[in-house]
Amino acid sequence: MKVLFYGRLADAIEPELELDNSVGCSVAELRDRLIVEHPGAGQSLRDKRARACVGDTLVDDSYRLSAGDTVEFLPPVSGG
Amino acid sequence: MSIVVRLEELELRPEDELAALLADSSGDGAIVSFVGVARPSSKDGHDIGRLTLERHPTLTRQSLEEIAVAAGQRFDVSHVRIVHRFGDIAPGEPIVFAAAAAAHRRAAFEAADCLMDRLKTEAVFWKRETGEAGSEWIEPTDTDYADRDRWG
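Sequences listed follow chains A and B, in order.
Each residue of the first sequence is one higher than the last, beginning at 186 in the working numbering.
Each residue of the second sequence is one higher than the last, beginning at 48 in the working numbering.
No lab work stands behind these hints, which were simulated from the structure alone.
One should not assume that every hint holds.
[Said to hold, decoys possible] One-sided and incomplete, this derived list gives chain A residues near chain B with beta-carbon spacing under 8 Å:
| hint | residue |
| --- | --- |
| 1 | M186 |
| 2 | G192 |
| 3 | R193 |
| 4 | G265 |
[Said to hold, decoys possible] Every beta carbon over 10 Å from chain B, so not counted as near; a handful from chain A, in silico:
| hint | residue |
| --- | --- |
| 5 | K187 |
| 6 | I198 |
| 7 | E201 |
| 8 | L202 |
| 9 | L204 |
| 10 | S207 |
| 11 | V221 |
| 12 | H223 |
| 13 | G227 |
| 14 | R231 |
| 15 | D246 |
| 16 | R249 |
| 17 | S251 |
| 18 | A252 |
| 19 | G253 |
[What the hints assert, rightly or not] The calculated label-pair distances, taken between Cβ atoms and stated as ranges, are:
| hint | chain 1 | residue 1 | chain 2 | residue 2 | range |
| --- | --- | --- | --- | --- | --- |
| 20 | B | R60 | A | K187 | 32 to 42 Å |
| 21 | B | D71 | A | E203 | 29 to 39 Å |
| 22 | B | R153 | A | N206 | 49 to 59 Å |
| 23 | B | D71 | A | K187 | 34 to 44 Å |
| 24 | A | N206 | B | A66 | 54 to 64 Å |
| 25 | B | G92 | A | E203 | 37 to 47 Å |
As the structure is a computational prediction, the values presented were derived from the model and not from experiment.
Each residue gets a CB set at the ideal place from its N, CA and C atoms; glycine is no exception.
With the sequences and hints as input, model every part of the structure.
Rendered as structure tokens:
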């Protein structure tokens with residue numbers, strides 16, 4: 186499964202990862218796995234304002250990932 | 048009611064945007080516009096060489112459109128215009144032009160105020176300041192979120 190990161194998360198992890206064994210996981214479980222594998226991004230991943238997005242739609246941490254999903258993690262956004 | 052939303056990578060000319068809004072809004076009695084400008088120094092007083100705004104391939108435009116449409120529906124305005132830069136921005140350069148036109152001033156002031164409070168906290172960009180002190184991601188402050196929450 187493809188996982189994309191932006192902003193400070195892309196800096197701390199990579200802009201893009203390919204993860205095996207993630208179909209059926211919840212977004213919360215995926216976050217936990219990423220925190221273990223990328224401890225430097227732990228604080229940013231735990232931030233409640235860092236939202237997950239699947240198919241251009243924001244999803245809750247309870248969302249279960251399906252085959253073919255691409256997950257994007259968006260750290261807090263700011264324009265202006 | 049008309050909405051204009053644009054993303055610009057290289058240049059934003061507020062005077063051109065205001066002129067276009069004036070031309071679009073004949074018959075209205077009020078235009079309120081806001082121009083956000085890149086600062087030359089950080090909150091800590093360090094010189095900033097550039098501000099970089101990263102965007103999302105689809106969600107950035109979507110967020111600007113949603114903010115503009117919501118303001119158009121909420122306030123008694125005839126035009127809403129948001130033009131936002133992305134990419135590298137030098138100190139002193141405009142980052143955003145956000146404006147509303149209305150028959151009367153109060154609605155235009157409120158719409159522009161609301162536009163900016165939502166842009167600061169909901170527009171899908173990631174901002175980074177780079178300068179003499181290194182590079183730092185800039186996120187909304189508690190005050191920014193409180194300002195946004197004033198609008199419910």
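Here's how the hints hold up against the structure:
1. M186: violated, 19 Å
2. G192: Where the cut-off is 8 Å and the nearest Cβ of chain B is about 3 Å from A/G192, the hint holds.
3. R193: This hint holds: A/R193 lies near chain B, its Cβ roughly 4 Å from the closest one there, short of 8 Å.
4. G265: holds, 4 Å
5. K187: It holds; A/K187 is separated from chain B by about 14 Å at its closest Cβ, greater than 10 Å.
6. I198: Given that every Cβ of chain B is farther than 10 Å from that of A/I198, nearest at about 14 Å, it holds.
7. E201: holds, 13 Å
8. L202: holds, 17 Å
9. L204: Holds, since 20 Å exceeds 10 Å.
10. S207: holds, 21 Å
11. V221: holds, 23 Å
12. H223: Non-interface label stands for A/H223: nearest chain B Cβ at 16 Å, farther than 10 Å.
13. G227: Fine: 16 Å to the nearest Cβ keeps A/G227 off the interface.
14. R231: holds, 14 Å
15. D246: The assertion about A/D246 holds, with a minimum of 19 Å to chain B.
16. R249: It holds; A/R249 is separated from chain B by about 22 Å at its closest Cβ, greater than 10 Å.
17. S251: holds, 20 Å
18. A252: holds, 22 Å
19. G253: holds, 18 Å
20. B/R60 x A/K187: 32 to 42 Å: Distance hint for B/R60, A/K187 holds at roughly 38 Å.
21. B/D71 x A/E203: 29 to 39 Å: Violated - the Cβ-Cβ distance for B/D71 and A/E203, about 47 Å, lies outside 29 to 39 Å.
22. B/R153 x A/N206: 49 to 59 Å: Since B/R153 and A/N206 have Cβ atoms about 57 Å apart, the given range 49 to 59 Å holds.
23. B/D71 x A/K187: 34 to 44 Å: Hint holds: Cβ distance 42 Å, inside 34 to 44 Å.
24. A/N206 x B/A66: 54 to 64 Å: holds, 57 Å
25. B/G92 x A/E203: 37 to 47 Å: holds, 43 Å
Going through the hint list in order, the structure does not satisfy hints 1 and 21.
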